[in-house]
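K.L.:
The listed protein sequences correspond, in order, to chains A and B. Here the numbering used here = 1-based position in the first sequence + 5. Here the numbering used here = 1-based position in the second sequence + 5.
These are calculated hints, taken from the structure and not from any lab test.
A pair counts as met if it fits within one copy or between any two copies, since identical chains are not told apart.
No farther apart than 27 Å at their CA atoms in a straight line, the calculated lysine-lysine pairs in the DSSO-like style are these:
#	residue 1	residue 2
1	357	345
2	530	42
3	389	414
4	517	47
5	526	47
6	411	352
7	345	142
8	42	462
9	411	202
10	462	517
11	47	488
12	203	411
13	389	456
14	142	339
There are 2 protein chains.
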Amino acid sequence: MVKKISKEKKKGLEVPIPGEQEFVEREMKKVDVWKLKKYICKVKTLGIYAGGKNIIVLNTDEAESHDIYAGYRTEIKTPKQTIIGIVDLSTTLIKPGEIGIYTDFAKEYHLKDGEVVEIVHMDRPASIGYIRKKLDKETLNENEIRTIVQEIMENKLSDAETSAFITATYINGMADSEIIALTNATVASGESLNLGKKPILDKHCIGGVAGNRTTMVVTPIIAAAGLYIPKTSSRAITSAAGTADTMEVLANVTFSMEELREIVLKTKGAIVWGGGMKLAPVDDKLIRIRHPLSLDPEGMLLASILGKKRSVGATHIIVDIPVGRGVKIPYYEKGIELGKHFIRIGKQLGMKVEVLITDGAEPVGNGIGPVLECIDVLHVLNGKGPEDLRHKSILMAGKLLELCGKVEKGAGYSAAENLITSGKALKKFQEIIEAQGGNPRATVDDLPVGKYAYTVKSKVSGSIFHIDNHTISKIARIAGAPKSKGAGVLLHKTRGSRVEVGDSLFTIYAEKEELLDYAIKALEKLEPIEMRKMLLGSMIE
Amino acid sequence: MVKKISKEKKKGLEVPIPGEQEFVEREMKKVDVWKLKKYICKVKTLGIYAGGKNIIVLNTDEAESHDIYAGYRTEIKTPKQTIIGIVDLSTTLIKPGEIGIYTDFAKEYHLKDGEVVEIVHMDRPASIGYIRKKLDKETLNENEIRTIVQEIMENKLSDAETSAFITATYINGMADSEIIALTNATVASGESLNLGKKPILDKHCIGGVAGNRTTMVVTPIIAAAGLYIPKTSSRAITSAAGTADTMEVLANVTFSMEELREIVLKTKGAIVWGGGMKLAPVDDKLIRIRHPLSLDPEGMLLASILGKKRSVGATHIIVDIPVGRGVKIPYYEKGIELGKHFIRIGKQLGMKVEVLITDGAEPVGNGIGPVLECIDVLHVLNGKGPEDLRHKSILMAGKLLELCGKVEKGAGYSAAENLITSGKALKKFQEIIEAQGGNPRATVDDLPVGKYAYTVKSKVSGSIFHIDNHTISKIARIAGAPKSKGAGVLLHKTRGSRVEVGDSLFTIYAEKEELLDYAIKALEKLEPIEMRKMLLGSMIE
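Construct the entire structure; sequences and hints are all you get.
P.N.:
Given below as structure tokens:
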């Protein structure tokens with residue numbers, strides 16, 4: 006039986022007598038008594054770069070006498086600031102009373118040699134308890150999710166701890182309420198664009214499809230229709246070109262949030278690099294951990310994408326979900342399921358989301374690599390092919406026009422197409438290029454592909470059965486893409502094409518002969534194109 | 006329908022035509038074409054210690070052109086060796102063609118300034134795929150578990166990847182077959198003791214109970230009974246003293262596996278520090294990740310403990326599972342469940358395991374801290390108290406004697422007790438101390454407790470309801486334990502003791518006045534002892 010003893014009845018000072026009910030509270034209240042023990046150090050700058058990691062080096066014995074061990078987080082306090090550092094220990098390099106600071110860390114926080122700082126034993130981050138709850142299959146509330154995101158941003162969590170959180174969300178899933186909380190916390194972790202306009206349109210393609218540069222066609226169409234579309238895009242991680250890498254062939258892509266605002270208010274559209282501003286920065290920290298394990302918990306995928314859209318104030322969004330062999334979503338039904346989840350979460354966040362399930366098994370367009378993809382985009386905006394890129398871009402732009410009520414349902418495709426054939430989309434694209442500091446008059450002839458080239462020809466006749474996204478991207482990367490803008494692969498055939506002996510299949514471009522040689526060598530080990538003999542042919546043989 | 010096209014029908018060399026069945030195989034075969042691109046560097050030693058981490062620094066642009074990014078693992082090849090390095094990037098400090106190497110790393114692998122090495126793009130560790138399987142609730146086979154352990158040992162996995170593995174085993178659990186495979190891989194990760202004798206006895210206590218130094222009583226009893234007991238113990242992590250810290254008051258504890266063998270063959274027993282030899286080293290790597298999150302997947306706990314026992318060749322083991330408030334296992338039924346799991350896995354590994362469920366809510370013995378705990382042990386071996394330490398140690402030793410068939414069932418307790426009262430256990434303990442380079446004639450009067458002391462007295466009368474393990478340990482640590490051997494807490498009362506106003510409750514000892522002051526200050530925030538007024542008293546009031 007729980008019996009409460011009134012506080013008045015307590016007499017002990019050194020040894021208090023609690024009532025039973027207080028036990029629970031006491032166990033929750035973790036007092037960090039180590040803070041009572043002052044730990045004062047002089048800064049010793051180490052003259053070396055640690056690659057942006059906030060590592061500090063303490064004397065082993067001294068740190069351990071303060072209950073601080075390798076890998077621990079501590080606060081470093083100066084009269085002006087409090088910084089979080091990750092502890093390395095040294096018995097020889099750092100004497101007691103010293104704290105070793107790396108050059109980049111010292112620069113970032115203006116720490117000077119000999120400066121006196123206080124090392125403060127850090128409270129166990131509150132997140133650890135919340136992550137434990139998630140491990141034990143509990144649903145986290147908004148405050149708990151926000152705290153985890155904040156503490157990741159403050160570098161209070163180690164990679165191992167962050168990884169445990171991601172792994173737990175992968176295995177145990179995330180409730181819609183958790184996804185919404187994570188989206189909001191993701192937005193709050195960075196800067197937001199406030200255009201003061203409505204509607205604001207946006208688009209997103211789930212990655213994995215080579216050459217899929219629809220953004221550079223959709224954005225000018227939408228802006229040409231008089232609607233706002235402040236598009237932020239990423240650079241390539243493992244592919245041969247991201248939209249930001251490709252747009253960079255024609256214009257600058259690195260802008261501050263304020264600069265983006267000015268561009269969009271002027272031209273209605275923009276195509277900039279999201280990494281250039283502090284847009285949903287917690288997402289980058291999560292992706293760094295998720296990437297090596299290819300860990301894509303669906304809830305995190307949704308929060309990542311919708312968080313970035315929300316950060317630019319998007320009200321109407323079209324999401325392209327490519328399905329098929331070799332891309333993230335293996336088959337149609339899975340795509341539908343994910344699509345419905347996008348629409349549901351979007352709705353709860355006050356955003357109208359439309360989803361397009363597309364065939365993602367093969368590359369889109371002919372070129373793979375920044376300049377080559379740029380050429381495809383300019384061709385499409387000039388009313389030409391490649392047909393797949395043209396069709397997909399118009400489809401997406403049309404759906405967006407319908408979604409925000411600009412045109413009636415069913416009238417989107419032709420409206421978007423008209424903006425291309427009339428030349429208005431191209432004109433808008435040139436305006437955007439100019440606003441982003443590029444040359445608006447650049448044509449495909451001004452875009453230099455690598456001067457070293459090698460064309461692969463077929464030694465058999467048959468038909469093309471499959472062109473592999475990953476393998477094509479890999480060849481383009483070995484040839485130098487995306488850093489080397491003119492490097493890449495130009496496809497001469499698409500899936501289903503009939504091929505005769507001697508037909509050109511694809512050409513590899515490189516800006517350095519050495520890199521072309523590597524790419525050719527790599528062909529011995531890679532099979533970017535799979536062919537089948539025509540059924541008729543093989544029966545006759 | 007799957008149709009196989011014969012290899013003879015293929016004509017293409019540049020573009021092969023596969024049959025459908027080959028698709029699966031091709032997707033599995035990940036060819037690392039980046040290896041084709043040679044990356045040769047000269048070593049630039051950086052004159053700084055990185056705390057034992059194998060970090061290398063590469064030029065950002067050069068590394069990225071080889072598809073190598075921050076946090077990646079690479080191989081560093083010299084004519085003599087291949088080392089795994091974790092990549093940091095720098096645009097300023099390291100020029101293209103250079104590789105920055107930290108002092109400790111350079112020393113360990115004898116790398117010299119200007120030495121030419123090759124950086125080899127590393128294959129994605131095979132473990133990543135196996136960890137993904139575990140995330141997706143599949144059961145891993147022996148080879149997969151062994152590979153994960155090997156790659157952790159080779160530093161091929163990042164903290165985030167290792168954490169994902171641990172988290173997945175926590176959430177999804179481990180099959181017995183996985184636990185056995187992990188135990189075997191844990192043993193194989195380090196050195197083993199081969200005494201060439203049987204039986205070999207061992208004991209283990211699940212941690213969390215302050216002052217629980219049964220090993221130092223059980224080991225001499227068993228050795229005095231003529232049985233082999235090569236006991237390896239740990240140092241304190243968060244407690245005030247581990248068995249290794251405590252034994253170190255009397256003798257050396259750091260020995261090589263060969264030295265341990267010599268000691269045990271001579272005296273039958275030994276009490277050494279497990280960390281001093283390469284005993285199940287993968288366990289240390291796992292614990293480093295598990296510790297901050299208090300992540301104790303049951304399977305890993307079993308593999309860790311049984312792996313260490315197997316490494317010393319143990320055939321008969323007694324495991325003490327303390328249950329109760331504040332320790333790892335909260336209640337009796339959970340203890341029974343874990344105990345049965347120990348016995349089952351032990352059996353499958355060919356080891357006889359007996360389990361003792363004990364009350365772990367309060368400290369065992371009177372002293373907390375190396376010297377104070379040593380004094381308790383010497384008192385017990387001299388036939389005196391503290392009664393709880395004496396009883397628990399005799400119980401464990403007796404069970405071990407029964408388990409290996411040395412005495413009949415039911416005769417263990419008195420047999421073990423006789424070895425104490427006859428003085429044989431003390432004599433054996435002195436032999437062990439001498440074999441480990443200590444002074445066998447040391448008595449409690451030779452053990453110096455800290456000369457600064459502060460006794461806490463009760464300001465109320467009542468009875469002691471609870472003494473908190475964590476809080477007592479924390480006070481002892483703040484006073485300097487375990488590094489400061491004479492520091493700690495001496496309890497004058499135990500649970501249930503009747504206390505009058507002015508009675509001494511406990512004394513804090515420290516070797517430095519400053520540390521005693523911190524500990525006294527900490528008392529304001531900590532409540533190590535909970536008291537209740539006697540029921541009768543509170544009714545009268």
